[in-house]
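*Asks:* Sequence lines, in order, name chains A and B. Residues in the first sequence are numbered from 1 upward in steps of one, following the UniProt record's numbering. Residues in the second sequence are numbered from 1 upward in steps of one, following the UniProt record's numbering.
These aren't lab readings, by the way, just hints derived from the structure by calculation. Check before you lean on any hint, since a few could be wrong.
Straight line, CA to CA, 20 Å or less: simulated EDC-like cross-link-like pairs of lysine to aspartate or glutamate [said to hold, decoys possible]:
1. B:Lys59 / A:Glu63
2. A:Lys68 / B:Glu226
3. B:Lys13 / B:Asp36
4. B:Lys141 / B:Asp36
5. B:Lys82 / A:Asp70
Below are the chains, spelled out letter by letter.
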Amino acid sequence: MGNSKLYKGSLSTIILKLLSETEKMYGYEITQKVKILSHGELTITEGALYPALHKLEAEGFLEVEVVKVDNRFRKYYKLTEKGATETTSKLEELNDYIKTMQALMSPSFNLQ
Amino acid sequence: MKITEQQIESLYKFTRQHYVEHYDLQTELVDHLANDIESFWEENPNLSFIEARNLAFKKFGVFGFMDVVDNKLKAMNKRYAKLLWDFGKEWFALPKIVITLIIFIVFLMCFSSQYGSYFIYGVTGGIAIYSLVKFIVLKRKLKIKRIKTGRIWLLEDLIFNAVAMNVFFLIIHIRPSLEIMESAGVISWSSIGFALFFTLASIYSYISLNVLPEESEKLLNQVYPEYKMV
């Protein structure tokens, strides 16, 4: 996608949505998953992903679990109960926004 | 091809060279770089470790890890403020609210007396001296721990830096406080204001200088699941 600003505001929603479908995910896995799901159209930059994850964690929407994998530690993120509620509300917000944009982009005028 | 233990150590060193001071963030970035390096090797096994590492690092953009570091600090500051608030609100509920009220009344009586300004100096100086002593003791304790473990945790840094902030805050406020007190007369709204301010300052100082440093091990264990694993 050419305009990265379009998804910048939706990054938190993307993260929350992905985590609502999986038990837990780590940062690198999220970047790869988005790449696969969007068929390479959307690339989450590392410089944007981690700040978003850390913000969501500080707000109590995510909790972490650390597991030793091979010879290193891996930090997994999981949705908290508060995070699950936030996901629902963020998705509703996004759907409303998409509907509004669709209405604006292809208006069906009724002049009666 | 998989990353070796030695290469992991070199990635930790690489993050430190790029201004990632804290072990918690280093660990997350090291895993990220390691995953990316391994993925580069899958596509091109002839890439050297350094070449693959540089390619992985390039993805963080022109500022490297700076954005991640800055935002992590902001996020952790928020968490630290929440910890302060969680411990602080106990002082405004039973049974501790009784102590809060006693402190407030004692300050109010002192600041309303004809020696009000001396009491301001006394209380501010007292907290500042206590903070300085605490700062030296805790800093030494932390230094020994860091030499022993070789690691710095962001939350731990915030907890112990708050001690330094406390001293700084009081030192810059001692003179203006006195000037306001002197110009405001002896018994006035300012006595109530000062009593309230110093009550809150005392509670804040007690929590940031005593409670949080004493609870730091427990808090680090809660915030960092890897804390007891390393």
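*Asks:* Next, verify each hint and record whether it holds.
*Replies:* Hints and how they fare:
Taken as a hint, the B:Lys59 and A:Glu63 pair is broken in the structure, with Cα atoms around 26 Å apart against an allowance of 20 Å. Of the supplied pair hints, the one linking A:Lys68 and B:Glu226 holds, its CA atoms being roughly 9 Å apart against a limit of 20 Å. With a CA separation close to 17 Å, the supplied pair B:Lys13 and B:Asp36 stays within the 20 Å bound. Taking the CA atoms of B:Lys141 and B:Asp36, the gap is near 38 Å; set against the 20 Å cutoff, the hint is violated.
Our distance criterion of 20 Å between C-alpha atoms is broken by B:Lys82 and A:Asp70, whose separation comes to about 35 Å.
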